[in-house]
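**Q** Protein chains in written order, with my numbering: chain A, 884 to 1219; chain B, 884 to 1219; chain C, 884 to 1219; chain D, 884 to 1219.
These are calculated hints, taken from the structure and not from any lab test. Please note that a few of the clues may not be correct.
Since the list can't tell identical chains apart, any single copy or any two copies may satisfy a pair.
Said to hold, decoys possible - The calculated lysine-lysine pairs, modelled on DSBU-like cross-linking and capped at a C-alpha distance of 35 Å, are:
#1 Lys903 <-> Lys1140
#2 Lys921 <-> Lys885
#3 Lys972 <-> Lys1140
#4 Lys903 <-> Lys921
#5 Lys1196 <-> Lys885
#6 Lys921 <-> Lys1203
#7 Lys1140 <-> Lys970
#8 Lys885 <-> Lys1049
All values derive from a computational prediction rather than experimental measurement.
4 protein chains.
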Amino acid sequence: MKRLGIALLGAGRMGKEHAKALAGIPEAQVVAVADPQKEAREEARFLARAERAYAEAEAAIADPAVEAVVIVTPTNTHAALIEAAAKAKKAIFAEKPVALTLAETERALAAVREAGVPFQIGFQRRYDPAYVRARRLLDEGAVGRVDQFRAVGRDPAPPPLSYLEKSGGLFLDMAIHDYDLARFLVGEVARVQAFGAVRVDPEIGRIGDVDTAITLLFFENGAQGVVENSRRSVYGYDIRTEVFGEGGKVVVDAVPKTPTWRFREGGFEADHYHFFMDRFKEAYRAELEAFVEAVLSGRTPTPGPEDALAALKIALAATKSHREGRPVAISEVQDA
Amino acid sequence: MKRLGIALLGAGRMGKEHAKALAGIPEAQVVAVADPQKEAREEARFLARAERAYAEAEAAIADPAVEAVVIVTPTNTHAALIEAAAKAKKAIFAEKPVALTLAETERALAAVREAGVPFQIGFQRRYDPAYVRARRLLDEGAVGRVDQFRAVGRDPAPPPLSYLEKSGGLFLDMAIHDYDLARFLVGEVARVQAFGAVRVDPEIGRIGDVDTAITLLFFENGAQGVVENSRRSVYGYDIRTEVFGEGGKVVVDAVPKTPTWRFREGGFEADHYHFFMDRFKEAYRAELEAFVEAVLSGRTPTPGPEDALAALKIALAATKSHREGRPVAISEVQDA
Amino acid sequence: MKRLGIALLGAGRMGKEHAKALAGIPEAQVVAVADPQKEAREEARFLARAERAYAEAEAAIADPAVEAVVIVTPTNTHAALIEAAAKAKKAIFAEKPVALTLAETERALAAVREAGVPFQIGFQRRYDPAYVRARRLLDEGAVGRVDQFRAVGRDPAPPPLSYLEKSGGLFLDMAIHDYDLARFLVGEVARVQAFGAVRVDPEIGRIGDVDTAITLLFFENGAQGVVENSRRSVYGYDIRTEVFGEGGKVVVDAVPKTPTWRFREGGFEADHYHFFMDRFKEAYRAELEAFVEAVLSGRTPTPGPEDALAALKIALAATKSHREGRPVAISEVQDA
Amino acid sequence: MKRLGIALLGAGRMGKEHAKALAGIPEAQVVAVADPQKEAREEARFLARAERAYAEAEAAIADPAVEAVVIVTPTNTHAALIEAAAKAKKAIFAEKPVALTLAETERALAAVREAGVPFQIGFQRRYDPAYVRARRLLDEGAVGRVDQFRAVGRDPAPPPLSYLEKSGGLFLDMAIHDYDLARFLVGEVARVQAFGAVRVDPEIGRIGDVDTAITLLFFENGAQGVVENSRRSVYGYDIRTEVFGEGGKVVVDAVPKTPTWRFREGGFEADHYHFFMDRFKEAYRAELEAFVEAVLSGRTPTPGPEDALAALKIALAATKSHREGRPVAISEVQDA
């Protein structure tokens, strides 16, 4: 029974989660962890049951026992590491996004294509059991011709401004997950129109971003879609998706975090997911498991480079639409 | 204990429902029913426990025992009957809409104002217990500053083309209920942008209407809103509304018609409301009860003329926006 | 279009509800109301749109326009009024119970049988849309062989001691509704074992009653059942029923009073039915409508005398079982 | 950062699950796996990332790197392995039950006590997030004085007769989990009365067991309880628990396996948990994590020997009650 030798690049909060998840996947063997911070990489090494820890990601990539890399470093390093790993002929799992610009993204993905290495992008929701089931129901014809797509994505609280400044903005950083679901569940988007607002925190406006937004999606198959986002939802992390059409609808709903209900004077109450890692814990594990299995078995991992690119283009078009106050076709998106 | 003498104008399907509802409201006494069709008016007379039945609505309005009229006639007669009743100094409950044009609506409502008679428009959802509670929660500060409004309105099946041709179109005929809820729950709308599509039935497109639509609402208070409509929903009548903001959200959800669950191999299932009269049965009764009580006690009924007018303006602006492919301010709406 | 001439006997809280409900049933005409209290009977007369009001129930029964009686008087008068109405050949709708003893019940029902008049007992839950649907699902074979029946019945708060003293005790006064559902949904009960406790209020124990109880039901078809009751449920009126068997289960659940959810920090909350008349409002109306229709059309109303008797026997057996600390067969129940 | 050296004893279906779970717990290091079947132990070694695999459990216990054992062997070997591990001064996690008789259980637990080693029994539901939250709500006073406890436990299908013959019967094998929840959530049980039936499969009756049962629990604090069990539930694995009392109720409900709803003609549907390992996947991981943390930090693991013993006594009393057709006090339970 073979294990895939993996280098985990990045030992931040999410890196540590991936470290634990990988240790629980029997077919994975983290052989090396890389992070410039010593304490972080040592902790991740412990969590991942890894032998070696490097300060430099490049050293981990070069480690001969490494067959695949899992990239969880800061966003601005993704593209370069993808290129480096591709050149080293290592299979690649990268957290989204590849990069914040089309040019950089395309260059990195071209390197992947050229090297012919397996590549998977971290749109983990595709591996959430609820979305897996939604997709299966749709494949089985539950809805038939889709007419309307509806998504809500709300975070419990905005990240720090320092993060937001480098995030690419709400459409690229947050709504992109909902755009990917739109493609996953409905199909290609032809045109978008986006409307951003600053409601939560004026500071977010001051750095040129928005914290509240609606994006209209016009799909190639004629369906209409709406995505609503907010950076602050006091009741918790609110992710819901609905696909409606001639045969009915398929809904992925937000359920209480626990099926524990308290009944008291006047009615009853339940809790709510607060932290995205709690909501998608199973999905984060499952996407890594799928990546490992695909690489070991020679199947093409999914979602792949074209999914990374397509979602980015929707997000760039939405950003442009919001800024220019007009509908923007995906085909208009060019790198500036 | 006094009863309000009422003339029920119109004995179609909805007229008969109102007849039964009025008989169950102790403070109401239907003294006359009017409908050109003999069989219909006799049945409604029986249901309403009324003394007299007239072929002509005008005769019923003139009946000296009549203190108030309930107008459930075809849409194109509403305005004239409202004017007639106003002139006769009768209190008026009218099914929506007053008329399909701004000019006609304003003329009818001017007559009401001039006569100083009580007037209530039939936006029944405001009396549905779920929406009453939503409004109360909002009044109590449950959400605080509203950031996003979300509504879905889907009918089980499109009405006949003969009806649609005279309906004023999806935005005036159907979405108007959701626009009224937007005003009821959030506040005044400054601007709309609407996107219609023909997905359900090409015949609907041929008569210049749409069967699928999204309307964006931009509220005066800065909140964003989305209304989604479809003329055909195979699973039933689907009405849901969500008000989201700094303090959380208030949701009016669609529940099964009965809280009866069938668990069988593979999972479980429930039923769904199919017919709008079933979903809003209690609301139809309650709006009439409120009207009767308001008139008897001298309070101003609600929703009133300004609500009828404001919702119509949003619907007209949405229609214009859809046709012209651009955002339309409510202030732009002028009668053509 | 014929109306059934009805005398409403009793103008207490429930009598007034029935008065309003009857006014909303087109085929019913309350011709007389009877109640010893003048103010109550006048109010009920107004609500029922009735012509006459009598102090004496007997006078109303004798009224020649009266074809049927609806008995909503205090429990200890039911049997005598049933006998009187039967002798006068009037159709009878009686609130449960007929009487608190088997002897008195049997004598009254014998009078009904002898007179050959239609008789319906007020087990309104059988007309609640949720239970109607449950029964239909069972009829369609949703569960097949039933193995377990599960019911909860909890009231928001105990009635006054003065009421409880004459109520016959928790098993006869309260659990009897759940026993009737057991028969309605599963079939005849062969044996019971009941366990009462005093948890809510020691005063209830002092008058020889219990406020908390579990009743085991052993059905003739071999299924097992459990009924749990409590006189105080701070969160509201809690009625739930589950029928489980080889093909799955059918559940009538308790849903929020309104489908309005408030999401706030930490989770979300909903309301709950508090008052039994709110939960079963539709059922109270529907059972009267069914009675009127049955009498007018010559069909036998349901639930009938045998249902009244059978549920009483289960309740008497449960009372005996609780007192004697042993299982009691229904066949053991004899009047003491 | 220290890891606890663990021997995993037993590499059957559940053993393999534990192997994977342990690999995902950073503070655990499975150093040895033991199972008489070579293929099974080799697979478990791979899953657990263990160094060594033994045919004999005793050899694994004796391995000097082993500080704790996780016992997942067949039931009839638990007691002996517990004794052996206790003598070898190893911390012990044992799947329930310790043994099927009181004598054997007490002897094994006496060995544990004598050796002073940490001991945890595998009542995994106590670590399910829903039950953890229920317990916390109860600790916070959500219900106050408890009056009624209600539990359902239904398996999708009966295990093979060969398993059932050695299982100790429904009360010891299955209902014991619900009895443990009763103790976890409400407190000590004074007396039980159990009613078993054979509904699902006559073969189960032929081996002297039942497949359908109700157990009444009378708690020391005066509360009443009911546990309902069935060996076959076609819709899936159905575990629900309710604690009701003066302040309201806390309910752990059964939710769909995925929050994915399909709406189609006539209503909507969802899936259901089918396999107990899916429903309690998180709980199985969490109980092992808690065990490891307790042992490493020197805290006493929970649930402990007294919990294993107390639940067994309730199950033995229920078995006796069912057989003798009478209530049985826990204090009556003696080993035969």
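**Q** With reference to the structure, classify each hint as holding or not holding.
**A** Here is how each hint holds up against the structure:
no., hint, verdict
1, Lys903 <-> Lys1140, "both (21 Å within a copy, 24 Å between copies)"
2, Lys921 <-> Lys885, "both (30 Å within a copy, 18 Å between copies)"
3, Lys972 <-> Lys1140, "neither (41 Å within a copy, 40 Å between copies)"
4, Lys903 <-> Lys921, "both (18 Å within a copy, 29 Å between copies)"
5, Lys1196 <-> Lys885, "neither (38 Å within a copy, 47 Å between copies)"
6, Lys921 <-> Lys1203, "neither (40 Å within a copy, 62 Å between copies)"
7, Lys1140 <-> Lys970, "neither (43 Å within a copy, 42 Å between copies)"
8, Lys885 <-> Lys1049, "neither (40 Å within a copy, 38 Å between copies)"
Going down the numbered hints, you'll see the structure goes against 3, 5, 6, 7, 8, while the others check out.
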